[in-house]
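Chemist: One-letter residues, chain by chain:
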Amino acid sequence: MKQLLKNRTLRVTFYAFLLAALMLVTFTTVFAQDTTPTDDEVNAIAKQLYCPVCENTPLDVCPTEACHQWRELIRQQLAEGKTEEEIKQYFVDNYGARVLSEPPRTGLNWLVYILPPVLILAGAFILFRSFREWSKPKAVESGEGPEEEAGTSSDDEYIARLEQELKNRK
Amino acid sequence: MTETNTPNAPKRGVPLWAQITIWVVLAGLLALVGFGLKRSSNPMAEVGQTVPDFDLVFYEGYEHNGTAKMKLSDLRGKVVMVNIWASWCKPCEQEAPDLEDAWQLYKDEGDVVFVGVDYVDTPEGAFGYLKKFGITFPNAPDLQSNISSILNRQMGVPETYLIDREGVLRQIKIGPFASVAEIQSFIASAE
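Just so you know, the protein sequences line up as chains A and B, in that order. Numbering that gives the first Met the number 0 puts the first residue of the first sequence at 0, with every later residue one more than the last. Numbering that gives the first Met the number 0 puts the first residue of the second sequence at 0, with every later residue one more than the last.
The set of hints was computed from the structure by calculation and includes no laboratory data. Be aware that one or more of the hints could be misleading.
What the hints assert, rightly or not - List of simulated lysine-lysine pairs, DSS-like, C-alpha gap at most 27 Å:
id, chain 1, residue 1, chain 2, residue 2
1, B, K68, A, K87
2, A, K46, B, K89
3, B, K37, B, K89
4, B, K89, B, K106
5, B, K172, B, K70
6, B, K106, B, K37
Said to hold, decoys possible - A few chain A residues that don't get close to chain B, going by computed Cβ distances all over 10 Å:
id, residue
7, A43
8, Q68
9, W69
10, T82
11, E85
12, G122
Remember, predicted model here, so these are calculated numbers, not experimental data. Glycine included, C-beta positions come from ideal geometry on N, C-alpha and C.
From just these sequences and the hints, can you work out the full model?
Modeler: In structure tokens:
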């Protein structure tokens, strides 16, 4: 009986330790995920931003020390729980709107979004009109020059006479 | 034989109303872009001319005459040396100790003011740099590159601007100073 009780106590202690260890591992994993954002999470925001000092280099692929600092700044702000929009706004406030890969939809920037489709539509309209003009039968366009006019009328006369002759023979 | 058909030639090209509309829209667009560019552009400093005013909000732990925020115009009557730097800039590190040594020579007189302007940097990088070189003169971030734009930054960093007692830009130093003596000579040119 004593042995049975001892075995039972040992078993309970073992399970308690196992549970505690499992909980510890789980909490550590969750904690680690909360505090250290991955490179992918950082780059998802970094690729929407441009290096403020290099020309035309997205922040996620920029190899300079300065860009490394900015990526770390993004990681730090993500760890603090800031949203993507808040982080992008921080960059705009500090370094200007030029760091954004897409210009903000405000003021004159709207032209960037409106003009290209408008120009494409206008171009398509002009092409459509031109193709329609070109595809009209040439006869419609003829008759502009006196030589053409003369040539056409004599041809018509000849054809008319030919047709008349053929009719008469029938 | 002239009774053959002479059809009216179809009207070619863009109608007049469309031409007028296109030109009006283009002119309006150009005016809009021009107006927008004029509105968004900062006034820029030129050597020999008064420097347009700008705000300075110093980094935590820095101040001038007990204030952590000031305008350039508040320093009228003093010689102001504005040094633009960044923590990622290696040439800036060359001159940083000399700048601090020079500041120690002028700070008690109160006649010359050094101001550091940190160009596109992270706070962490900036504080690390200031601590590493023991910089004690007031330093402020260049938010949205506004200050360097007004000062008409020429090449990159470091660059140093010397403004005389009347607020006129006297000299620009592109690149790092080589010695304290060079800094003293630079400042003397505004006296």
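Chemist: Look at each hint and say if it fits the structure.
Modeler: Hint check results:
Under the criterion of a C-alpha separation no larger than 27 Å, the hint pairing K68/B with K87/A is consistent with the structure, at around 26 Å. Distance restraint check for K46/A and K89/B: the Cα-Cα separation of roughly 26 Å lies within the 27 Å cut-off, and the hinted pair is therefore satisfied. A hinted pair counts as satisfied when its Cα atoms are at most 27 Å apart, and K37/B with K89/B does not qualify at roughly 35 Å. Between the alpha carbons of K89/B and K106/B the distance comes to roughly 26 Å, so the proposed pair stays at or under 27 Å and holds.
At roughly 22 Å between alpha-carbon atoms, K172/B and K70/B fall within 27 Å of each other, so this suggested pair holds. Simply put, K106/B and K37/B have alpha-carbon atoms about 40 Å apart, too far for the 27 Å limit, and the pair is violated. At the 10 Å boundary, the C-beta of A43/A stays outside the reach of chain B, the nearest C-beta of that chain being 19 Å off. The claim that Q68/A lies off the interface is violated: its Cβ sits roughly 5 Å from the closest Cβ of chain B, which falls inside the 10 Å cut-off.
Chain B draws W69/A into its interface by the beta-carbon criterion, the shortest separation being 6 Å against a cut-off of 10 Å. The Cβ of T82/A sits about 19 Å from the closest Cβ of chain B, beyond the 10 Å cut-off, so the non-interface label holds. The beta carbon of E85/A is kept farther than 10 Å from every beta carbon of chain B, the shortest such distance being approximately 16 Å. The beta carbon of G122/A sits about 13 Å from the closest Cβ of chain B, which is more than 10 Å, so the claim that it is off the interface holds.
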